[in-house]
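Enquirer: Line by line, the protein sequences are chains E and W.
With the working numbering as the guide, the letters of the first sequence map in order to residues 405 to 668.
With the working numbering as the guide, the letters of the second sequence map in order to residues 101 to 724.
Among the hints, a few may not be true.
Taking lysine-lysine pairs in the BS3-like style, the calculated list, with each CA pair at most 25 angstroms apart, reads [stated by the list, open to error]: (1) K124(W) / K665(E); (2) K665(E) / K505(W); (3) K665(E) / K446(W); (4) K433(E) / K298(W); (5) K665(E) / K449(W); (6) K435(W) / K462(W); (7) K463(W) / K446(W); (8) K462(W) / K422(W).
Partial pick of chain W residues on the chain E-facing surface, computed with a CB cut under 7 angstroms [claimed, not checked]: (9) Y402; (10) K449; (11) R615.
Derived from the structure by calculation, the hints contain no laboratory data.
Cβ atoms here follow ideal geometry from the backbone N, Cα and C, with glycine treated the same way.
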Amino acid sequence: MANFLNYRNVAFKLEDKNYYATKVSLSAKANVDPVILNDGSLLNYAPQSSVVGSLSTDFYLTGALPDFLRITGFNESSITANFASVTISNVYPKSISFSVEPFQPILISAEFDWYGNVKVEDFTPNTNEDKNNIQIPSYFANGYRSSLTTSNLEGVDKILSFDYSASCERPSFFHINDIIPFRVAKLNRSLQLSLKSNDLGGILDIDGKNVNSTVSLRDTYGTVLDTFSISGILLSQNYEVSEGQYLLASADIEQTVTQNKTLV
Amino acid sequence: MSYIISGLNIQNISEYNFNNSYSKYDIVDFQLFTGASLSPAYTGNGQTGLTTWFNNDLLGYFKTDTKFDVTGWRNLVSGSGDLNQTGAFAATNPYVDFNENYINLFNDQTLSGTGFASDSRTLIFLIEAADLKKVDQSQKILQFGTDSTYGKFLLSGTNSYNQAKILLDNTEFNSVSSLYNDKNIFTLIQDNAAGTIKLRQNGIDLGTYSSFNANWKATNFILGNNNDSVDIKYYEIIHFTGVVADSQISGYEKYLYEKYFDNTRLYFAFNNVSAGIQYSPITYTGIGYWTQDIDDLFKMNYGCSANFTSNLSMLQMGDGYKTNVAQTVNTLNSKFNLNYDGLTDKEAKCLITYFENSPETKKKSLYEGYKGVEMNLFPPYKKNAELYFKSIDHSTIYNDINSIKIEAESLYDSSLDYKGMLVELDEINIKTYPSDNKFNSINYNDIFYYDSDSVKLRGYYFYTGSAYNIDENSTITTGPFVISPVNSPTGISSWFTKDFYFKGNIDYNINSSLRLLKGDFKNSTTEYDKDGINYNILEFNVDFKNRSNSETRAILKFLDDKAGYKVFKYTLPQPYNKEINVYCPEWNHTYNFNNNNDIGVKFIEFKNPFDTATKFNTKLYFTQ
Numbered sequence: 405m406a407n408f409l410n411y412r413n414v415a416f417k418l419e420d421k422n423y424y425a426t427k428v429s430l431s432a433k434a435n436v437d438p439v440i441l442n443d444g445s446l447l448n449y450a451p452q453s454s455v456v457g458s459l460s461t462d463f464y465l466t467g468a469l470p471d472f473l474r475i476t477g478f479n480e481s482s483i484t485a486n487f488a489s490v491t492i493s494n495v496y497p498k499s500i501s502f503s504v505e506p507f508q509p510i511l512i513s514a515e516f517d518w519y520g521n522v523k524v525e526d527f528t529p530n531t532n533e534d535k536n537n538i539q540i541p542s543y544f545a546n547g548y549r550s551s552l553t554t555s556n557l558e559g560v561d562k563i564l565s566f567d568y569s570a571s572c573e574r575p576s577f578f579h580i581n582d583i584i585p586f587r588v589a590k591l592n593r594s595l596q597l598s599l600k601s602n603d604l605g606g607i608l609d610i611d612g613k614n615v616n617s618t619v620s621l622r623d624t625y626g627t628v629l630d631t632f633s634i635s636g637i638l639l640s641q642n643y644e645v646s647e648g649q650y651l652l653a654s655a656d657i658e659q660t661v662t663q664n665k666t667l668v
Numbered sequence: 101m102s103y104i105i106s107g108l109n110i111q112n113i114s115e116y117n118f119n120n121s122y123s124k125y126d127i128v129d130f131q132l133f134t135g136a137s138l139s140p141a142y143t144g145n146g147q148t149g150l151t152t153w154f155n156n157d158l159l160g161y162f163k164t165d166t167k168f169d170v171t172g173w174r175n176l177v178s179g180s181g182d183l184n185q186t187g188a189f190a191a192t193n194p195y196v197d198f199n200e201n202y203i204n205l206f207n208d209q210t211l212s213g214t215g216f217a218s219d220s221r222t223l224i225f226l227i228e229a230a231d232l233k234k235v236d237q238s239q240k241i242l243q244f245g246t247d248s249t250y251g252k253f254l255l256s257g258t259n260s261y262n263q264a265k266i267l268l269d270n271t272e273f274n275s276v277s278s279l280y281n282d283k284n285i286f287t288l289i290q291d292n293a294a295g296t297i298k299l300r301q302n303g304i305d306l307g308t309y310s311s312f313n314a315n316w317k318a319t320n321f322i323l324g325n326n327n328d329s330v331d332i333k334y335y336e337i338i339h340f341t342g343v344v345a346d347s348q349i350s351g352y353e354k355y356l357y358e359k360y361f362d363n364t365r366l367y368f369a370f371n372n373v374s375a376g377i378q379y380s381p382i383t384y385t386g387i388g389y390w391t392q393d394i395d396d397l398f399k400m401n402y403g404c405s406a407n408f409t410s411n412l413s414m415l416q417m418g419d420g421y422k423t424n425v426a427q428t429v430n431t432l433n434s435k436f437n438l439n440y441d442g443l444t445d446k447e448a449k450c451l452i453t454y455f456e457n458s459p460e461t462k463k464k465s466l467y468e469g470y471k472g473v474e475m476n477l478f479p480p481y482k483k484n485a486e487l488y489f490k491s492i493d494h495s496t497i498y499n500d501i502n503s504i505k506i507e508a509e510s511l512y513d514s515s516l517d518y519k520g521m522l523v524e525l526d527e528i529n530i531k532t533y534p535s536d537n538k539f540n541s542i543n544y545n546d547i548f549y550y551d552s553d554s555v556k557l558r559g560y561y562f563y564t565g566s567a568y569n570i571d572e573n574s575t576i577t578t579g580p581f582v583i584s585p586v587n588s589p590t591g592i593s594s595w596f597t598k599d600f601y602f603k604g605n606i607d608y609n610i611n612s613s614l615r616l617l618k619g620d621f622k623n624s625t626t627e628y629d630k631d632g633i634n635y636n637i638l639e640f641n642v643d644f645k646n647r648s649n650s651e652t653r654a655i656l657k658f659l660d661d662k663a664g665y666k667v668f669k670y671t672l673p674q675p676y677n678k679e680i681n682v683y684c685p686e687w688n689h690t691y692n693f694n695n696n697n698d699i700g701v702k703f704i705e706f707k708n709p710f711d712t713a714t715k716f717n718t719k720l721y722f723t724q
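Start from the sequences, fold in the hints, and give me the full structure.
Expert: Right under this line is the structure:
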């Protein structure tokens with residue numbers, strides 16, 4: 405591994421495409437238990453499951469979100485990530501989230517699981533040629549022109565900020581003798597939207613309250629980069645005021661994403 | 101719909117139709133054609149022209165001599181010619197196998213007759229020819245006329261696509277299905293007006309033989325009559341005068357298929373299948389797409405487990421002494437839980453159907469039950485297992501994520517087999533000890549079968565290094581190297597052991613009860629007396645959890661070799677620390693993850709002295 409890799413010299417790619425990341429974090433965790441024999445000696449450490457790696461990143465959205473980051477979609481395939489010139493295969497997206505506040509650039513946070521072996525000793529900085537070939541984007545998503553439209557919820561026009569997230573669990577399945585899963589499924593797919601406003605109307609009832617919302621992320625020129633919809637239920641509302649502050653209302657909307665079974 | 105399909109609890113399974121394409125994990129009931137079958141005797145569609153019909157349904161269909169050897173095969177069509185062993189063809193008589201539905205002609209054995217003359221004819225017959233021992237040789241299946249060149253139907257070539265050939269005289273046709281050691285339905289449609297003979301194999305057109313010789317119209321009809329190393333089974337022969345309509349031919353072919361083929365087992369697609377008759381399951385091409393082998397379809401997941409219980413009759417001899425008599429050579433009741441996880445709905449449908457259809461395997465013989473599922477077990481168990489699927493546990497945690505556990509039983513593992521019952525000497529993971537003591541590498545827990553004339557010396561040895569506490573991760577990889585005879589399994593400073601050297605986990609419990617005789621005195625007190633001299637007999641469980649694959653193989657091979665009743669020494673843990681004799685009538689194993697196995701064993705103390713010389717296995721030596 406090269407010494408003192410600098411942020412400016414480390415590239416991050418998903419499916420061979422550069423992402424303008426402000427942060428990339430790569431970690432791995434082995435799940436082992438010690439085996440202690442009846443004479444008191446330690447036999448070894450036995451693996452309980454495969455090494456599950458974790459990859460997380462924050463990046464600027466410079467165009468439409470790629471399909472593989474549609475977390476609640478039904479594509480379970482793995483993708484490849486490239487970090488500091490080392491390719492990581494068997495990478496599985498499991499969540500994305502972003503926050504929208506007035507006049508702030510929008511960072512997409514994404515989390516992934518990965519399996520297999522990563523040669524961290526091969527981490528290397530970008531070559532000058534690589535650096536020269538990176539195209540600097542002229543636009544990216546910003547809260548300035550981005551918007552939220554909502555039906556069946558009052559006070560949306562007074563929204564101060566909102567957070568959107570999509571997530572699922574990724575259980576892995578292994579054939580005997582394998583340590584790389586043959587399938588990393590998706591379950592419990594869900595979308596969440598949390599928003600803060602001056603007023604969010606009446607209090608919800610015992611069944612919650614159905615809400616349909618669409619988030620449009622735009623660049624500073626007003627061009628729509630991507631839209632995110634949620635058709636869920638208002639689960640909680642909170643009204644809060646503190647000294648020197650205005651009354652602030654917040655609400656959480658959640659959608660459980662399902663799929664009707666296809667007849668087989 | 102057949103009872104095979106209607107008997108399943110699964111919907112959307114149909115008969116194979118070669119006009120359709122199929123996707124991976126689709127399931128079909130293959131019955132050759134989708135239409136109705138037609139018995140040769142059926143005349144509901146009008147006069148068929150049936151002039152010859154030979155089959156093996158009844159013993160009375162044969163002419164036999166006083167030794168019950170066959171001297172002739174009776175034609176079931178009244179007034180038509182039989183096939184006999186006469187004249188120049190009266191060689192060795194074929195015999196009637198009362199248990200089989202075919203007549204076997206070896207080498208120069210021959211059946212022949214006259215009265216079969218016809219300018220146009222439709223001949224449909226079912227045979228099974230054994231592999232040719234001499235590859236440059238051909239097998240003559242049948243012949244019209246007596247010419248040395250013409251009027252012959254022959255098989256030749258090796259059994260593979262483009263190599264296996266069917267010959268009408270000297271004209272070759274590529275076989276589309278396995279030609280040898282498998283049943284085949286052949287159809288010859290001889291059209292005198294067109295001057296052609298059309299050839300079909302298992303319902304598939306192979307081509308046309310043009311300008312056939314006059315011998316094909318002759319009165320003589322001959323079966324067999326080959327040189328040596330030829331073995332042909334004749335099941336049924338149907339002959340019509342004239343050219344029969346295609347739809348009727350399909351019906352007669354289906355009649356033979358339903359009667360003789362193993363047609364009750366479903367076929368499963370293990371690839372996407374294009375439309376076309378060449379992709380039907382019994383063709384050379386089709387076997388790359390359709391299977392009845394579960395190993396082609398699914399791989400097991402971690403979490404598989406095995407349970408073993410020995411079938412013993414215990415003989416109590418007093419004073420705590422006893423002897424264990426194995427009830428059968430299949431001393432172990434072996435049950436496996438096969439785990440298939442992470443299945444899509446379509447995969448789950450396929451596996452559940454496979455399970456439900458598994459009793460439709462053909463019977464092993466007239467006197468036995470159906471054949472089990474042949475499959476590879478999970479490591480370290482054998483690959484060529486025959487299992488009977490007993491029950492299935494299907495659960496689903498979410499849309500399109502299924503988990504299936506199948507309980508299966510293995511019945512025919514003999515304790516007399518020196519290679520082992522379920523953990524076998526496979527020469528890959530468990531090897532025969534090299535007679536020259538040379539190794540390329542050797543690891544702790546490696547297992548070797550040491551061959552010897554002495555029953556006390558031969559058997560399975562486990563490599564434990566110069567001392568039994570050698571680091572498990574140590575590997576000698578500087579080979580090839582030679583282990584000195586003194587360090588060999590039978591050397592005086594052996595690096596191998598036959599003893600149970602494995603240590604249980606730190607957490608254990610041993611329960612013990614005294615063997616006491618109880619005397620109850622009415623309206624008084626209870627008296628206890630010790631039951632003979634051996635009143636402390638232990639019966640306890642030991643756990644070996646989270647063990648590596650190599651140690652697991654060694655433990656399971658050790659127990660497999662003991663077959664549930666053989667006695668061995670075991671050193672009790674602290675604070676007992678005593679070496680006692682035990683046998684292991686029950687144990688279980690779960691494969692949790694790679695290099696993570698749980699084994700639980702039950703040991704029962706055995707007080708009698710034991711002698712290994714009483715063992716018997718199939719490694720026999722014959723000397724003059």
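Enquirer: Does each hint hold? Answer for all of them.
Expert: Now the hints, each set against the structure:
1. K124(W) / K665(E): holds, 18 angstroms
2. K665(E) / K505(W): holds, 22 angstroms
3. K665(E) / K446(W): Between K665(E) and K446(W) the Cα gap is close to 11 angstroms, so the pair holds against 25 angstroms.
4. K433(E) / K298(W): Violated, at about 68 angstroms.
5. K665(E) / K449(W): holds, 13 angstroms
6. K435(W) / K462(W): Distance ~22 angstroms between K435(W) and K462(W) Cα, so the pair holds.
7. K463(W) / K446(W): Outside the cut-off at roughly 29 angstroms; violated.
8. K462(W) / K422(W): violated, 43 angstroms
9. Y402: holds, 6 angstroms
10. K449: Interface hint status for K449(W): holds (5 angstroms vs cutoff 7 angstroms).
11. R615: violated, 26 angstroms
Comparing the model with each earlier hint shows violations of hints 4, 7, 8, 11; every other hint is respected.
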